[in-house]
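> Each chain, letter by letter, is given below.
There are 4 protein chains.
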Amino acid sequence: MKQAELTQKVTEYIKLNDNFADWLGVEVLDSRPGYAKISMKIRKDMINSFGSCHGGVTFAFAQTALAFCSNNYGNIAVALETSMAFTNPVFEGDELIAETKEESKKNTISVYCVNVETKSGKKVGVFRGTVYKTERQYFGGITVED
Amino acid sequence: MKQAELTQKVTEYIKLNDNFADWLGVEVLDSRPGYAKISMKIRKDMINSFGSCHGGVTFAFAQTALAFCSNNYGNIAVALETSMAFTNPVFEGDELIAETKEESKKNTISVYCVNVETKSGKKVGVFRGTVYKTERQYFGGITVED
Amino acid sequence: MKQAELTQKVTEYIKLNDNFADWLGVEVLDSRPGYAKISMKIRKDMINSFGSCHGGVTFAFAQTALAFCSNNYGNIAVALETSMAFTNPVFEGDELIAETKEESKKNTISVYCVNVETKSGKKVGVFRGTVYKTERQYFGGITVED
Amino acid sequence: MKQAELTQKVTEYIKLNDNFADWLGVEVLDSRPGYAKISMKIRKDMINSFGSCHGGVTFAFAQTALAFCSNNYGNIAVALETSMAFTNPVFEGDELIAETKEESKKNTISVYCVNVETKSGKKVGVFRGTVYKTERQYFGGITVED
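Residue numbers (the numbering used here), protein chains in the order written: chain D, 1 to 146; chain R, 1 to 146; chain Y, 1 to 146; chain W, 1 to 146.
Just chain D, same shape as in the assembly (with noise of 0.2 Å):
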């Protein structure tokens, strides 16, 4: 299988089968290998105590395009650390979007910025992560064609 079309497999079942991202309501703009650009908008169960979005589901959703682009490749990863700079505050209605970067793509370990605005283009958030590729497959037995 070319690793494009194993890409758009492991994209679709994350999709399917990501129930947290399921609940933020999570669209996928965009996937290839080692990217990710997904969407999201903020209701009202995602706010905290003075009207703001909680700072908690920004995270989460950069985390969410974080998984998206260093799964994508076939292997299950797991966040090793992740951080984020807050940088506007979001609010319900808002549509938010998550683009990843991939800094730096080695055999067990990657590094991804991720970079969350809103859909007029405010910047809310700088997020990186850095990712433990494990040797689990989503598809086992499948062979990529270089």
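Read the hints as simulated data drawn from the structure, not as lab findings. There's no promise every hint is true.
No copy labels: a pair is met if it fits in one copy or bridges any two.
[To be verified] Mimicking DSS-like on lysine-lysine, the simulated pairs with C-alpha atoms at most 30 Å apart in a straight line are:
#, residue 1, residue 2
1, Lys123, Lys2
2, Lys9, Lys44
3, Lys119, Lys106
4, Lys9, Lys133
5, Lys122, Lys106
6, Lys122, Lys2
7, Lys105, Lys44
8, Lys106, Lys44
9, Lys133, Lys122
10, Lys44, Lys133
11, Lys123, Lys105
12, Lys101, Lys15
13, Lys44, Lys122
14, Lys15, Lys123
15, Lys106, Lys41
16, Lys9, Lys101
17, Lys37, Lys15
18, Lys41, Lys122
19, Lys37, Lys9
20, Lys2, Lys101
21, Lys133, Lys123
22, Lys37, Lys133
23, Lys2, Lys106
24, Lys106, Lys37
25, Lys2, Lys133
26, Lys2, Lys37
Computed from a prediction, not measured in an experiment: that's the story for all the values here.
Fit chains R, Y and W to the known structure of chain D by using the hints.
Here is chains R, Y and W on its own, set in the frame of chain D:
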């Protein structure tokens, strides 16, 4: 009003009004000025595509502990930077406990660490957050006696 | 004074007066308001016990880039939180280049990413820093024309 | 060889062979498997352009504590991600003490927090590091008795 009394008022206010903390199912085990200990139970709708708890949920839980402790002096505090090392996987049914430690307290900037572990004592996350304390009060017009 | 002119004055001031940047052997390749690009060469006295460049040196180099870009509007900025992913080892003789990106600029808080790579283009570090901009000016009494 | 004995051998080896730790003037106050406590004194050549200790120096000191504790089981460990919150300024003449805490220890990945404070007890930095433990040993051919 005594600080301890105001802290209880704010804690109850957050508990009642934070929609996302409510979705997480957060319980407050303890709350004192600059300190919070909370719990939650991992449900099926928090699970990712390979059967573990979504890292964003564990992170959001730690960030909720940060919110409880950094806001409970009475002013709204917003996260500037948060980060977590994920040290063990979390599964459906796990009961998580997050306990905060105030590492530094200044007029506008405070730093907290949050330890996240299962009820049985397995450490699952080591979190740190730096917050900016705004001048907006939860309950305006209250004077805190020392 | 024009901002660009003040930025040059501050850059020269830091270059002349930062003792540790001097020890690192930092050269300023480019400097504009909110931006800096610097270089250094790894010497024998920067090496750790197993023959690589000490991670603290690579980190300090990135933090120096942060200092040049976050201070060069004219006010003293202090780091609140800094972090780095180390993506490749660095060795004696390597020439490192650090380039900053201003991710967010607010009145008191700004966020920068710094990319660190060797002259030959091997990425060695992905850094982020959040700074607090004080009211202390490098050159008091200067009015910046827009 | 007993683990405690090997830990002493590695600690002495790092102390003798880490050129940058030597430049920092690091003293080892205590060292046990997975633990280290070190000190240093801030000199004039570590000062930045506005008269404080360069943040990169304080960070590098914490990273050196990380190196001592994460390597002292006998295998070379490399930092994947390190981060620090800066909680108070540091000045020339300050004596700093860094003490590590092993938050998580796995076969390949370990997580450490490092607390950095002045001799008089003022906390100046809260550091965390995630390391990857390689199979390269400091002293090959040694079997560690339990």
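> Run every hint past the structure and note whether it holds.
Consistency of the hints with the structure:
1. Lys123 with Lys2: between (35 Å within a copy, 28 Å between copies)
2. Lys9 with Lys44: Between. Shortest inter-copy distance 23 Å satisfies the 30 Å Cα cut-off; intra-copy 32 Å does not.
3. Lys119 with Lys106: This pair counts as between: shortest inter-copy Cα distance 20 Å, intra-copy 32 Å.
4. Lys9 with Lys133: Close inside one copy (18 Å), not across copies (33 Å); limit 30 Å.
5. Lys122 with Lys106: Cα proximity of Lys122 and Lys106: across copies only (13 Å, versus 32 Å in one copy).
6. Lys122 with Lys2: between (36 Å within a copy, 28 Å between copies)
7. Lys105 with Lys44: between (38 Å within a copy, 29 Å between copies)
8. Lys106 with Lys44: Between copies only: 27 Å across chains, 40 Å inside a chain, cut-off 30 Å.
9. Lys133 with Lys122: Between. Shortest inter-copy distance 21 Å satisfies the 30 Å Cα cut-off; intra-copy 32 Å does not.
10. Lys44 with Lys133: between (35 Å within a copy, 24 Å between copies)
11. Lys123 with Lys105: both (26 Å within a copy, 11 Å between copies)
12. Lys101 with Lys15: within (20 Å within a copy, 32 Å between copies)
13. Lys44 with Lys122: The answer is within: 20 Å in one copy meets 30 Å, while 33 Å across copies does not.
14. Lys15 with Lys123: both (25 Å within a copy, 29 Å between copies)
15. Lys106 with Lys41: between (33 Å within a copy, 25 Å between copies)
16. Lys9 with Lys101: Classified as within: same-chain Cα gap 20 Å, cross-chain 35 Å, threshold 30 Å.
17. Lys37 with Lys15: Within. Shortest intra-copy distance 13 Å satisfies the 30 Å Cα cut-off; inter-copy 33 Å does not.
18. Lys41 with Lys122: Within one copy only: 14 Å inside, 34 Å across.
19. Lys37 with Lys9: within (16 Å within a copy, 41 Å between copies)
20. Lys2 with Lys101: within (22 Å within a copy, 36 Å between copies)
21. Lys133 with Lys123: both (29 Å within a copy, 20 Å between copies)
22. Lys37 with Lys133: within (20 Å within a copy, 33 Å between copies)
23. Lys2 with Lys106: within (20 Å within a copy, 35 Å between copies)
24. Lys106 with Lys37: both (21 Å within a copy, 27 Å between copies)
25. Lys2 with Lys133: Within one copy only: 20 Å inside a chain, 33 Å across chains, cut-off 30 Å.
26. Lys2 with Lys37: Only inside one copy: Lys2 and Lys37 sit 21 Å apart there, 40 Å across copies, limit 30 Å.
The structure agrees with every numbered hint stated previously.
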